[in-house]
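Using the sequences and the hints, build the whole thing.
There are 2 protein chains.
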Amino acid sequence: MVGGGQLARMMTPAATALGVRLRVLVEGPTVAAAQVVVDAPVGAPRQAEDVLDLVRGGDDGPMADVLTFEHEHIGADVLERVRELGVPVRPSAEALRYAQDKLAMRERLTELGVPCPRWAPVPDAAALAAFLDQVGGRAVVKTSRGGYDGKGVRVVDAPDQVDDWFEAAAQGGPALLAEEAVGFARELAVLLARRPSGELRAWPVVETVQRGGVCSEVIAPAPGLDPALERAALDAATRVAEGLDVTGVLAVEMFEVLGVGGEPDRVLVNELAMRPHNSGHWTIDGAVTSQFEQHLRAVLDLPLGDPSPRAPWSVMANVLGSTREKLTDALPYVLVDPHLRVHLYGKDVRPGRKLGHVTAVGHELADLRARARAGADLLQGFAEGAAPDGRRGGSV
Amino acid sequence: MVGGGQLARMMTPAATALGVRLRVLVEGPTVAAAQVVVDAPVGAPRQAEDVLDLVRGGDDGPMADVLTFEHEHIGADVLERVRELGVPVRPSAEALRYAQDKLAMRERLTELGVPCPRWAPVPDAAALAAFLDQVGGRAVVKTSRGGYDGKGVRVVDAPDQVDDWFEAAAQGGPALLAEEAVGFARELAVLLARRPSGELRAWPVVETVQRGGVCSEVIAPAPGLDPALERAALDAATRVAEGLDVTGVLAVEMFEVLGVGGEPDRVLVNELAMRPHNSGHWTIDGAVTSQFEQHLRAVLDLPLGDPSPRAPWSVMANVLGSTREKLTDALPYVLVDPHLRVHLYGKDVRPGRKLGHVTAVGHELADLRARARAGADLLQGFAEGAAPDGRRGGSV
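If you're matching them up, the sequences are chains A and B in order.
Residues 1 to 396 (our numbering) make up the first sequence, in order.
Residues 397 to 792 (our numbering) make up the second sequence, in order.
Don't read these hints as lab results, they were simulated from the structure.
Some clues are possibly wrong.
Subject to a maximum C-alpha distance of 20 Å in a straight line, what follows is the list of computed SDA-like cross-link-like pairs (lysine to any residue) [to be verified]:
#1 Lys-750/B to Gly-542/B
#2 Lys-722/B to Pro-62/A
#3 Lys-354/A to Ala-374/A
#4 Lys-722/B to Val-66/A
#5 Lys-326/A to Ala-460/B
In structure tokens form, the structure reads like this:
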């Protein structure tokens with residue numbers, strides 16, 4: 001696996017249970033995954049030799065059975081060289097391209113008939129001005145590459161608000177696209193896994209709550225979701241998985257858009273990730289098979305596990321960097337709630353950084369949300385303890 | 397933690413989640429835990445310097461916050477030296493003595509009024525002959541130290557059947573005790589955890605099914621258990637935990653004995669273990685808090701988690717060494733059942749050795765037993781696939 005963050009870290013319990021030897025390319029000797037993976041060579045995902053060494057197992061071997069990733073920041077040229085070693089790359093470079101390049105993704109999804117917000121490539125200010133006219137004067141401009149957690153995304157109502165990006169693009173930086181600023185009721189996510197054989201299993205559709213462009217809370221399943229919309233969401237995600245020939249876990253983030261003037265409600269695909277995803281952390285404690293185990297099974301072409309929830313509701317709250325310097329100091333307080341499931345990533349604290357999550361699983365949704373929020377707030381620091389605003393809905 | 401077997405291996409997910417750094421003294425560089433623990437110095441539990449180095453963290457530190465164990469094979473002198481470093485030992489040497497020495501255990505449990513089979517120290521053949529007379533001609537002779545998985549236990553009806561053990565005892569080997577051969581309906585186990593502060597939480601009483609002196613299957617909770625007996629079992633285990641001042645996980649194995657002549661049914665304590673135990677492996681998938689996480693919480697004096705089951709029934713089947721040479725070869729077959737939870741220990745295959753376990757969690761007990769058995773049989777080897785005898789009850 002390439003990448004030594006929390007996703008690789010959370011892969012370890014599943015690998016241990018299944019007797020799968022996990023070798024992880026980590027960015028440094030003390031990153032989240034390096035703390036818990038025995039075979040963790042240090043290297044850079046963009047350095048072909050580092051990745052090839054990972055796959056070959058250094059001088060001692062054995063050669064890996066498969067290469068997979070916890071992020072998309074790896075070049076197609078590197079992946080091609082891995083494939084030349086005879087080692088499958090899952091998801092493939094062809095699939096991964098659509099998770100790396102939002103322009104390519106929008107083009108392909110539109111071809112596949114997957115519902116998307118209106119969008120257009122915007123090579124220059126004139127193109128953006130034309131698009132703004134077309135969608136009512138307000139749009140979301142995105143860099144086609146390199147964005148995450150709200151970075152590389154800007155809501156604009158005039159072309160000059162992304163002048164710096166146009167300049168960067170002209171100098172070889174990422175191309176830009178514009179999307180309509182969808183007015184949505186809430187955000188949903190579909191998480192599924194797919195094997196090379198085509199076997200596909202999806203977890204229930206979840207609601208994701210964002211604050212400041214970062215996922216704050218996930219509720220599984222999405223409360224009160226219209227069954228027709230649920231089917232539409234699962235259908236869209238399945239079409240993406242099959243159309244892009246994804247193997248491993250795929251997360252499809254969507255907007256739930258209320259119909260106006262008698263039109264039915266609908267879902268529009270926002271973003272994709274071809275790896276375990278924050279919207280699926282609840283599955284560790286809340287589903288029969290976690291997204292981490294399912295990803296391992298999928299990329300190893302093993303039969304997929306049952307994605308059913310273990311209880312009516314699961315709520316996951318992210319723990320972000322705030323006032324507390326050492327999160328484990330909060331364990332004596334947060335574990336007082338005997339039902340909370342706590343997951344810390346062993347990362348240095350930086351403001352706003354994802355440092356862990358807390359999951360509450362059970363029967364009473366309001367109670368679970370309060371507990372998960374309280375647990376996350378305690379871990380973040382007492383100063384943050386009172387702040388959940390619980391706002392719903394919005395507009396990108 | 398001292399000991400590099402499957403119990404230390406299965407401790408790693410809980411340590412990772414809680415952000416607890418686990419340092420494990422392993423018997424060799426490739427044992428079960430060494431494969432998945434980054435900080436795993438090789439050494440011998442009986443070598444004081446190896447254990448002290450473990451606690452000190454070698455030359456680099458940091459000093460451990462607490463020392464705990466996955467087995468009882470560590471000397472009181474070594475533990476005393478750890479305590480002199482200012483590092484708590486949990487469970488303490490005083491408590492651990494009763495898990496190491498069955499004579500001391502029987503004496504103390506009898507003092508505490510915990511129900512036990514009739515028993516006597518048997519220093520020589522004459523003493524054993526007298527005990528046999530007293531209990532109807534049949535007894536279980538045990539070595540006070542060093543037994544596990546049916547080793548160090550022999551059912552006899554004449555003193556000369558343990559002549560070799562008497563000889564060994566005379567030459568400084570372990571002392572012997574004899575216990576009445578209890579006719580029992582089935583075997584039960586109580587698993588609980590206790591903090592230094594005294595907080596104590598127990599999982600539901602389980603039924604353990606033994607084959608050839610080795611645990612074959614665990615059913616949680618014990619089917620059809622009379623509530624009065626359940627209370628008696630929990631009460632006995634609580635008395636043991638408090639009477640011996642145990643910290644961490646305690647497993648108390650018991651016999652369920654049917655009353656004769658109008659007497660009520662009762663439980664008698666058979667064995668103790670002061671660590672996570674095979675009878676609690678079901679808790680990984682079947683309980684809100686696993687025995688491994690609970691042990692970590694308890695020895696770190698953190699609040700204990702909820703031991704409630706996640707579903708009405710959990711069945712765990714052990715995978716023992718048999719005809720299959722590489723267990724992971726069976727994954728494509730065993731994972732076809734999407735509900736099975738598979739746990740492999742990464743150990744070399746030897747006949748009868750515990751190599752892994754399979755858990756099924758759900759609503760239909762008979763179905764879960766069949767699935768768990770089928771999964772374990774597949775992992776053991778196809779030749780074993782047809783053999784579960786399902787026998788219940790018996791006599792040691």
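Hint check:
no. : hint                   : in the structure
1   : Lys-750/B to Gly-542/B : 18 Å, holds
2   : Lys-722/B to Pro-62/A  : 16 Å, holds
3   : Lys-354/A to Ala-374/A : 16 Å, holds
4   : Lys-722/B to Val-66/A  : 19 Å, holds
5   : Lys-326/A to Ala-460/B : 17 Å, holds
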